[in-house]
Amino acid sequence: MLKDFIQFPWYIVTHPIEGFYDMKFEKKGRLTVALTFIGLMALVNIFGLLYTGFMVNHYNPFFMNSIMQIIYTIMPLLLFCIGNWSITTLVDGKGKFKEIVMVVGYAAFPYLIVTILNMVYSNFITPSEAAFYYFFRTFAYGIMLFLLFTGTMVIHEFTVKREMVTVILTLIAMAVIIFVALLFFSVIQQIQGFMYSIYKELTLRM
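Under the working numbering, the sequence shown has 172 at position 172, and the numbering climbs by one with no breaks.
Hint data in this document are derived by calculation from the structure and do not stem from the laboratory. Positions of the beta carbon are idealized from the N, C-alpha and C atoms, including for glycine. A portion of the hints provided could be inaccurate.
[Said to hold, decoys possible] Label pairs and their calculated CB-CB ranges:
1) Asn60 with Val165: 35 to 43 Å
2) Leu31 with Val180: 22 to 30 Å
3) Tyr196 with Phe5: 44 to 52 Å
4) Met1 with Lys161: 36 to 44 Å
5) Lys3 with Gly39: 17 to 25 Å
6) Asn123 with Met1: 26 to 34 Å
7) Gln7 with Tyr141: 23 to 31 Å
8) Met64 with Leu31: 25 to 33 Å
9) Val120 with Ala175: 33 to 41 Å
10) Leu171 with Tyr21: 21 to 29 Å
Use the sequences and the hints to build the structure in full.
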(Lines of atoms letter the chains of each structure in order from A and count residues from 1; the text may use other names and numbers.)
(Lines give C-alpha, C1' and ligand atoms only; values in the text may rest on other atoms or scores of the structure.)
Protein backbone atom coordinates (compact mmCIF):
# COMPACT_ATOMS: atom_id res chain seq x y z
CA MET A 1 0.00 0.00 0.00
CA LEU A 2 2.72 2.48 0.99
CA LYS A 3 4.80 1.53 -2.04
CA ASP A 4 1.85 1.89 -4.43
CA PHE A 5 0.49 5.21 -3.15
CA ILE A 6 3.60 6.97 -1.82
CA GLN A 7 6.94 5.43 -2.73
CA PHE A 8 6.58 4.95 -6.50
CA PRO A 9 4.58 8.17 -7.10
CA TRP A 10 7.25 10.10 -5.18
CA TYR A 11 9.94 8.40 -7.25
CA ILE A 12 8.20 9.67 -10.38
CA VAL A 13 8.16 13.21 -8.98
CA THR A 14 11.88 13.15 -8.17
CA HIS A 15 12.99 11.04 -11.17
CA PRO A 16 10.29 11.57 -13.83
CA ILE A 17 12.09 10.07 -16.82
CA GLU A 18 13.27 6.98 -14.92
CA GLY A 19 9.93 6.65 -13.15
CA PHE A 20 7.81 6.72 -16.29
CA TYR A 21 10.32 4.42 -18.00
CA ASP A 22 9.82 1.91 -15.19
CA MET A 23 6.07 2.35 -15.53
CA LYS A 24 6.14 1.44 -19.21
CA PHE A 25 8.90 -1.13 -19.49
CA GLU A 26 9.12 -2.57 -15.95
CA LYS A 27 5.33 -2.54 -15.51
CA LYS A 28 5.54 -0.59 -12.26
CA GLY A 29 2.58 1.44 -11.10
CA ARG A 30 -1.07 0.47 -11.11
CA LEU A 31 -4.05 1.78 -13.03
CA THR A 32 -6.18 1.65 -9.87
CA VAL A 33 -3.72 3.95 -8.10
CA ALA A 34 -3.76 6.39 -11.02
CA LEU A 35 -7.57 6.44 -11.07
CA THR A 36 -7.59 6.95 -7.30
CA PHE A 37 -5.35 10.00 -7.67
CA ILE A 38 -7.66 11.41 -10.35
CA GLY A 39 -10.67 10.88 -8.11
CA LEU A 40 -8.85 12.48 -5.18
CA MET A 41 -7.99 15.43 -7.39
CA ALA A 42 -11.70 16.07 -7.93
CA LEU A 43 -12.38 15.80 -4.18
CA VAL A 44 -9.45 18.05 -3.28
CA ASN A 45 -10.73 20.69 -5.70
CA ILE A 46 -14.15 20.56 -4.04
CA PHE A 47 -12.67 20.81 -0.54
CA GLY A 48 -10.45 23.62 -1.78
CA LEU A 49 -13.50 25.68 -2.72
CA LEU A 50 -15.05 25.03 0.69
CA TYR A 51 -12.09 25.24 3.07
CA THR A 52 -9.51 27.52 1.47
CA GLY A 53 -8.95 30.56 3.69
CA PHE A 54 -11.27 33.52 3.14
CA MET A 55 -8.29 35.75 2.40
CA VAL A 56 -7.87 34.13 -1.02
CA ASN A 57 -11.19 32.31 -1.42
CA HIS A 58 -13.91 34.30 -3.15
CA TYR A 59 -16.14 31.33 -3.89
CA ASN A 60 -19.63 31.27 -2.37
CA PRO A 61 -20.19 27.75 -0.94
CA PHE A 62 -23.97 28.17 -1.20
CA PHE A 63 -23.60 27.85 -4.97
CA MET A 64 -21.57 24.64 -4.69
CA ASN A 65 -22.52 21.92 -7.16
CA SER A 66 -20.34 18.93 -6.35
CA ILE A 67 -21.31 17.00 -9.48
CA MET A 68 -20.34 19.89 -11.76
CA GLN A 69 -17.06 20.39 -9.89
CA ILE A 70 -16.22 16.72 -10.43
CA ILE A 71 -17.04 17.09 -14.12
CA TYR A 72 -14.89 20.24 -14.37
CA THR A 73 -11.96 18.24 -13.00
CA ILE A 74 -12.42 14.89 -14.73
CA MET A 75 -13.55 16.06 -18.17
CA PRO A 76 -10.37 17.97 -19.18
CA LEU A 77 -8.24 15.02 -18.08
CA LEU A 78 -10.43 12.58 -20.02
CA LEU A 79 -10.31 14.84 -23.07
CA PHE A 80 -6.52 14.95 -22.82
CA CYS A 81 -6.31 11.15 -22.67
CA ILE A 82 -8.60 10.71 -25.68
CA GLY A 83 -6.97 13.52 -27.66
CA ASN A 84 -3.44 12.35 -26.93
CA TRP A 85 -4.26 8.73 -27.74
CA SER A 86 -5.96 9.76 -31.01
CA ILE A 87 -3.01 11.86 -32.17
CA THR A 88 -0.26 9.49 -31.10
CA THR A 89 -2.01 6.60 -32.82
CA LEU A 90 -1.64 8.52 -36.08
CA VAL A 91 2.01 9.51 -35.51
CA ASP A 92 3.26 6.10 -34.36
CA GLY A 93 3.27 6.75 -30.64
CA LYS A 94 4.15 3.68 -28.61
CA GLY A 95 1.95 4.40 -25.60
CA LYS A 96 -1.34 2.65 -24.93
CA PHE A 97 -4.49 4.40 -23.73
CA LYS A 98 -4.08 2.73 -20.34
CA GLU A 99 -0.56 4.13 -20.04
CA ILE A 100 -1.76 7.63 -20.90
CA VAL A 101 -4.37 7.42 -18.14
CA MET A 102 -1.69 6.22 -15.72
CA VAL A 103 0.57 9.14 -16.65
CA VAL A 104 -2.29 11.56 -15.98
CA GLY A 105 -3.06 9.91 -12.64
CA TYR A 106 0.51 9.83 -11.38
CA ALA A 107 1.10 13.39 -12.61
CA ALA A 108 -1.73 14.45 -10.29
CA PHE A 109 0.11 13.14 -7.21
CA PRO A 110 2.28 16.24 -6.54
CA TYR A 111 -0.72 18.44 -7.34
CA LEU A 112 -2.64 16.72 -4.55
CA ILE A 113 0.16 17.16 -2.00
CA VAL A 114 0.87 20.81 -2.81
CA THR A 115 -2.81 21.76 -3.04
CA ILE A 116 -3.70 20.17 0.31
CA LEU A 117 -0.76 21.87 2.05
CA ASN A 118 -1.62 25.15 0.34
CA MET A 119 -5.24 24.88 1.46
CA VAL A 120 -4.13 24.50 5.07
CA TYR A 121 -1.62 27.33 4.68
CA SER A 122 -4.30 29.66 3.26
CA ASN A 123 -6.15 29.65 6.59
CA PHE A 124 -3.20 31.23 8.42
CA ILE A 125 -1.95 33.87 5.99
CA THR A 126 -2.21 37.63 6.12
CA PRO A 127 -3.03 39.78 3.06
CA SER A 128 0.67 40.45 2.48
CA GLU A 129 1.33 36.69 2.31
CA ALA A 130 -1.37 35.91 -0.26
CA ALA A 131 1.22 36.01 -3.04
CA PHE A 132 2.81 32.87 -1.61
CA TYR A 133 -0.53 31.06 -1.84
CA TYR A 134 -0.88 31.93 -5.51
CA PHE A 135 2.74 30.95 -6.13
CA PHE A 136 2.23 27.48 -4.66
CA ARG A 137 -1.05 27.14 -6.55
CA THR A 138 0.73 27.92 -9.82
CA PHE A 139 3.55 25.58 -8.83
CA ALA A 140 1.06 22.73 -8.30
CA TYR A 141 -0.32 23.11 -11.81
CA GLY A 142 3.16 23.64 -13.25
CA ILE A 143 4.66 20.46 -11.85
CA MET A 144 1.61 18.47 -12.96
CA LEU A 145 1.93 19.80 -16.52
CA PHE A 146 5.66 19.06 -16.49
CA LEU A 147 5.02 15.46 -15.45
CA LEU A 148 2.31 15.12 -18.10
CA PHE A 149 4.75 16.33 -20.74
CA THR A 150 7.57 14.10 -19.54
CA GLY A 151 5.36 11.06 -19.00
CA THR A 152 3.71 11.13 -22.41
CA MET A 153 7.11 11.74 -24.03
CA VAL A 154 8.54 8.64 -22.34
CA ILE A 155 5.64 6.24 -22.94
CA HIS A 156 5.38 7.24 -26.60
CA GLU A 157 9.18 7.16 -27.00
CA PHE A 158 9.27 10.66 -28.49
CA THR A 159 11.99 13.29 -28.58
CA VAL A 160 11.35 16.61 -26.84
CA LYS A 161 10.70 18.36 -30.16
CA ARG A 162 8.28 15.70 -31.34
CA GLU A 163 6.51 15.73 -27.98
CA MET A 164 6.02 19.50 -28.21
CA VAL A 165 4.37 19.09 -31.61
CA THR A 166 2.25 16.25 -30.24
CA VAL A 167 1.07 18.39 -27.33
CA ILE A 168 -0.07 21.11 -29.74
CA LEU A 169 -1.88 18.54 -31.88
CA THR A 170 -3.43 17.05 -28.73
CA LEU A 171 -4.84 20.45 -27.75
CA ILE A 172 -6.26 20.84 -31.26
CA ALA A 173 -7.79 17.36 -31.02
CA MET A 174 -9.36 18.26 -27.67
CA ALA A 175 -10.90 21.38 -29.23
CA VAL A 176 -12.26 19.33 -32.13
CA ILE A 177 -13.77 16.77 -29.73
CA ILE A 178 -15.47 19.55 -27.77
CA PHE A 179 -16.80 21.12 -30.98
CA VAL A 180 -18.16 17.79 -32.27
CA ALA A 181 -19.74 17.02 -28.89
CA LEU A 182 -21.44 20.43 -28.74
CA LEU A 183 -22.61 20.05 -32.34
CA PHE A 184 -23.98 16.58 -31.56
CA PHE A 185 -25.94 17.76 -28.53
CA SER A 186 -27.23 20.75 -30.50
CA VAL A 187 -28.52 18.45 -33.25
CA ILE A 188 -30.11 16.14 -30.67
CA GLN A 189 -31.91 19.09 -29.06
CA GLN A 190 -33.17 20.26 -32.43
CA ILE A 191 -34.41 16.77 -33.29
CA GLN A 192 -36.16 16.54 -29.92
CA GLY A 193 -37.79 19.92 -30.51
CA PHE A 194 -38.88 18.89 -34.00
CA MET A 195 -40.33 15.59 -32.77
CA TYR A 196 -42.15 17.37 -29.95
CA SER A 197 -43.66 19.88 -32.37
CA ILE A 198 -44.88 17.01 -34.60
CA TYR A 199 -46.35 15.23 -31.57
CA LYS A 200 -48.06 18.42 -30.45
CA GLU A 201 -49.46 19.02 -33.94
CA LEU A 202 -50.80 15.47 -34.19
CA THR A 203 -52.36 15.77 -30.72
CA LEU A 204 -54.18 18.96 -31.70
CA ARG A 205 -55.47 17.42 -34.93
CA MET A 206 -56.79 14.38 -33.10
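**OP:** Take a look at whether the Cβ-Cβ distance between Asn60 and Val165 falls inside 35 to 43 Å.
**Re:** holds (42 Å)
**OP:** Using the beta carbons of Tyr196 and Phe5, state whether their distance is inside 44 to 52 Å or not.
**Re:** holds (51 Å)
Subject >> Leu31 paired with Val180, Cβ distance criterion 22 to 30 Å >> reply: For Val180 against Leu31, whose Cβ atoms are near 27 Å apart, the range 22 to 30 Å holds.
Original post:
Should the hint that Leu171 and Tyr21 are 21 to 29 Å apart at their CB atoms be regarded as holding?
Top reply: 25 Å Cβ-Cβ, so the 21 to 29 Å window holds.
Original post:
Falls inside 25 to 33 Å, the C-beta gap from Met64 to Leu31?
Top reply: The hint (25 to 33 Å, Cβ to Cβ) holds, given that Met64 and Leu31 are roughly 30 Å apart.
Subject >> Outcome of range test on Cβ distance (Lys3, Gly39; 17 to 25 Å) >> reply: holds (20 Å)
Subject >> Verdict for Met1, Lys161 (Cβ pair) under range 36 to 44 Å >> reply: Cβ of Met1 to Cβ of Lys161: about 39 Å, so the range 36 to 44 Å holds.
Subject >> CB-CB spacing for Ala175 and Val120 relative to the 33 to 41 Å hint >> reply: holds (36 Å)
**OP:** Hint says 23 to 31 Å; check whether the CB-CB distance for Gln7 and Tyr141 agrees.
**Re:** holds (24 Å)
Original post:
Does the Cβ-Cβ separation between Asn123 and Met1 fall within 26 to 34 Å?
Top reply: This hint holds: roughly 30 Å between Cβ atoms.
When each numbered hint is compared with the structure, no violation occurs for any of them.
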